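Use these hints to put chain Y onto chain D, whose structure you have.
Protein chains in written order, with my numbering: chain D, 1 to 417; chain Y, 1 to 417.
FYI, nobody ran anything at the bench for these hints, they're computed from the structure.
For clarity, every value in this text was computed on a predicted model and none was experimentally measured.
Each hint should be verified, as a subset may be incorrect.
Which copy? The list can't say, so a pair holds if one copy fits it or any two copies do.
In the SDA-like style, the derived pairs of lysine to any residue whose C-alpha atoms are separated by at most 25 Å in a straight line are [unchecked claim]: (1) 126 to 11; (2) 84 to 314; (3) 84 to 136; (4) 126 to 136; (5) 126 to 264; (6) 84 to 406.
There are 2 protein chains.
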Amino acid sequence: MEHVTQQLNQLLTRDHAVELDRQSPLASRRELFDLPDGVVYLCGNSLGALPRSVPDRVAEVVRREWGAGLVGSWNSADWTNLSKRVARRLAPLLGVQGEDVVVGDSTSVTLFKTMVAAARLRPDRKVIVVEPTTFPTDGYVAAGVARTLGMELRWCDPADPAAAVDDDVAVLALTHVDFRTGAMFDLAAVTAAAHDAGAVVLWDLCHSTGAVPVELDAVGADFAVGCTYKYLNGGPGSPAFVWVAPRHQAQLDQPITGWWGHARPFDMVQEFEPAPGATSMQVGTPPVLALSSLEAALEAFDGVGMDELRAASLSLTDLFIALVDERLAGFEVVTPRDHARRGSQVALRHPDAYGIVQALIARGVVGDFRSPDIARFGFAPLYVTHADVHDAVEQLVAVVENEEHLDAAYSARKPVT
Amino acid sequence: MEHVTQQLNQLLTRDHAVELDRQSPLASRRELFDLPDGVVYLCGNSLGALPRSVPDRVAEVVRREWGAGLVGSWNSADWTNLSKRVARRLAPLLGVQGEDVVVGDSTSVTLFKTMVAAARLRPDRKVIVVEPTTFPTDGYVAAGVARTLGMELRWCDPADPAAAVDDDVAVLALTHVDFRTGAMFDLAAVTAAAHDAGAVVLWDLCHSTGAVPVELDAVGADFAVGCTYKYLNGGPGSPAFVWVAPRHQAQLDQPITGWWGHARPFDMVQEFEPAPGATSMQVGTPPVLALSSLEAALEAFDGVGMDELRAASLSLTDLFIALVDERLAGFEVVTPRDHARRGSQVALRHPDAYGIVQALIARGVVGDFRSPDIARFGFAPLYVTHADVHDAVEQLVAVVENEEHLDAAYSARKPVT
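Extracted from the complex, chain D is given alone in its bound form:
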């Protein structure tokens, strides 16, 4: 028994963490990011770090393409196809073809247009099912869609969403990895169960893409929407993507029929005719600065296998959980310990979670707080190291031992996103 404890202690040393980093096939990727000195950044599940490829690219788009090229850059710099170029870069991370992906609007807008399109595939069904612990905007948007289309919103049991899917359900809208707990649904199994009941599934991949493998084509998914400013590092407020299964594209009918979703936008004819394929999910003029930042950011994934990424992510969260178990009392690990049910973050429950997160930030360890009592730590496998994990827990121990989280400075809660 003493021998086992000794072995465990060796596995939890900083030296061992550094050794794990040395052995990681992703070790060199951290150099692709411009992280401030002295910061352990465990908030890439909220806003991804800055890739070194981005600043010069954005400056070039501003000064050369916009400033010097002016309106001609729609052709000469191929802004017209920028969204499609980004889509092709995203596709391997989703297990899909680039032509089935569209990038351009905010996540909430993208959820709206996609949820309506999904509901219209089942016109005889009147219920949208949403999971109550989802990120709020998903539920808000679903309520808006239901009201607009004269449908009904039904909240399901988070433990078994498919159980709520009966003959009345048009759409099951689920977040793959929970933003608060980091718990992950079995995408394939839930999709299959909902299909058995005749519903269409809309997956929100905000907390998956870039950290957790998804194989949308392989599992026969219907629709997926995801954020690009978290694990994809596109920059604050960068636009969301939507993927539409090829088998649904002939019937695709989304409500926000803007000119970039037209079959021939530049003919400027009076009647709307949807573009073929997923392109009809496009709406307005693409946000060139944001898409350019995202395009450059995605270079950090070039040549990275999703399996490598997943292995690195699990190794980081495993180590974090082991260290928390070993070094800390009074914290509940809310995130599932089962690999199959874990995303790329770890959530700790503690009554003083807010103050703890603030005190940790003051020590250079950036996580975030989620109401009412969750301290949330994201592990972006491209730039978070095992040494970071070790150091973060050391600081967490110090915060608690010194009772820094009870400091009055942390009593006023500020918004976090």
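Here is chain Y on its own, set in the frame of chain D:
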């Protein structure tokens, strides 16, 4: 008679154009823009030129706020209120209060959510009226809204839109300045006529804001949506704004209920509760890079009176029309000569308009082509000079005299936006 001709000829010399520039109260504003040497840029009604204030500001947001500040910049750099800051800068250009303006989504998405909100103010009426020569996306979006809400789309006579507004009409959606011809509606008169018939008016100000005075509060308008990448110089694909009349805000009910339109977004509660005022028009996480570019760009308007801007615009278009009349044959000036009906552009009809525009671009004069036969020239009064106008017509004369527009290189049409 000879004397009059002599006087006219003097008024049309380059020296006179330079003198007009010297006398212009906006003369120094051109220095705020980074225009390439040798280019006469008459396409600011498609994509505004790069303000010198933008590149460093964008670089700062990328490197310092995102790169160094990371997720903390939502508070420390006040990204949370960035949209509101931009709204306050826009307000004087619209004759409104900043709190009644929201900025964030593409023009097409903004038209969609606003048109639905407008229609919901008249639930007993089932028709949306649109003008058939409007920019296509307005008609496409209106068709999408009508279909989604079970309403009917009705095309009106461009000569008298309000005549189409009867007791069945919920919304009249009009573009203030026509994208193709530059013709301008009387905003106050059309609004009043539609109100007399009980309808709500949604004005598309894409080709007005930043060049043509609009006094939305003063005329009792209902809703307005506009683009920020044309005369406002926000950058390619920068987000649109929406203004909601204060008297409609208590009943405001837009369909895309995202978390940034919630009364308390960061509480992350399950049920949607709209934010008070115009804020419920917000949807998703704001596009920080684009909004930062736009915020910096709007500094070019600081201290500029809308009357000054209008006077400069009319002086430029007057001179352009006079020079075209004097120097060119075979061109029809499609834009109204009446000041009260003219926006800030001049459209010339010519059967070879496409080739003419391309040949002009090759000579450094950037206008654009609109199908089927329009050569379009925009006069952004902050940076276009009377000398530019003179030089542009000289080049146009040279193109036609040398028949450069018949060059085979210009036969393949490329998209323009």
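Status of each hint after checking the structure:
1. When the C-alpha separation of residue 126 and residue 11 is checked against a cutoff of 25 Å, the pair qualifies neither within a copy, at 54 Å, nor between copies, at 69 Å.
2. Taking CA atoms no more than 25 Å apart as the test, residue 84 paired with residue 314 passes in neither setting, with 32 Å inside one copy and 40 Å between copies.
3. For the identical chains of this complex, residue 84 and residue 136 are inter-copy neighbours only, at 22 Å across copies versus 29 Å inside a copy, given an alpha-carbon limit of 25 Å.
4. Taking CA atoms no more than 25 Å apart as the test, residue 126 paired with residue 136 passes inside one copy only; the shortest distance there is 22 Å, against 32 Å between copies.
5. Taking the shortest Cα distances, residue 126 and residue 264 never come within 25 Å of each other, neither inside one copy (33 Å) nor across copies (29 Å).
6. Proximity of residue 84 to residue 406 under the C-alpha cut-off of 25 Å is found in neither arrangement, the shortest distances being 50 Å within a copy and 34 Å between copies.
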